[in-house]
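S.K.: Using the sequences and the hints given, assemble the complete structure.
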Amino acid sequence: MTTTVLIDSAALALLCIGAVCRLSKTGRGALAIGFTLLTIVCAATNQWPLTTGSLAGNAAIWAWSWWHHGGDDDTRRRLREAMRPFRAVRRTAPVTT
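Everything in the sequence shown is counted per this note's numbering, starting at 28 for the first residue and increasing by one.
Derived from the structure by calculation, the hints contain no laboratory data.
Don't be surprised by glycine CBs; every beta carbon is placed ideally from N, CA and C.
You may find that some hints are simply not true.
Here are the in silico distance ranges between beta carbons for each label pair [unchecked claim]:
(1) G61 <-> V122: 48 to 58 Å
(2) A120 <-> P76: 51 to 61 Å
(3) R104 <-> A71: 22 to 32 Å
M.R.: Here you go:
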């Protein structure tokens with residue numbers, strides 16, 4: 028059994044457990060994205076270009092869906108702050124006379 032099959036089986040099991048245990052929709056989406064990225068790494072190390080490409084597309088769709096349909100507000104806020112460009116603020120010393 029390959030590593031990819033093991034990771035996919037674990038991902039499916041965790042998603043089913045999450046559905047049974049009432050894990051939020053956003054939590055299941057985050058789990059799916061994480062396991063898809065882990066599977067991409069395994070497929071890339073096994074040098075499976077077609078599998079790696081299709082899984083990358085799958086991860087992009089999951090991430091887009093997670094981002095646009097709720098997501099985790101704290102994570103979204105931190106990502107938006109990281110995406111903002113750095114703006115320098117000019118500071119001058121106070122002038123006293």
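S.K.: For every hint, state whether the structure bears it out.
M.R.: Hints versus structure:
1. G61 <-> V122: 48 to 58 Å: Given range 48 to 58 Å: holds, Cβ gap about 54 Å.
2. A120 <-> P76: 51 to 61 Å: 58 Å, holds
3. R104 <-> A71: 22 to 32 Å: 31 Å, holds
Going down the numbered hints, you'll see the structure goes against none, and every one checks out.
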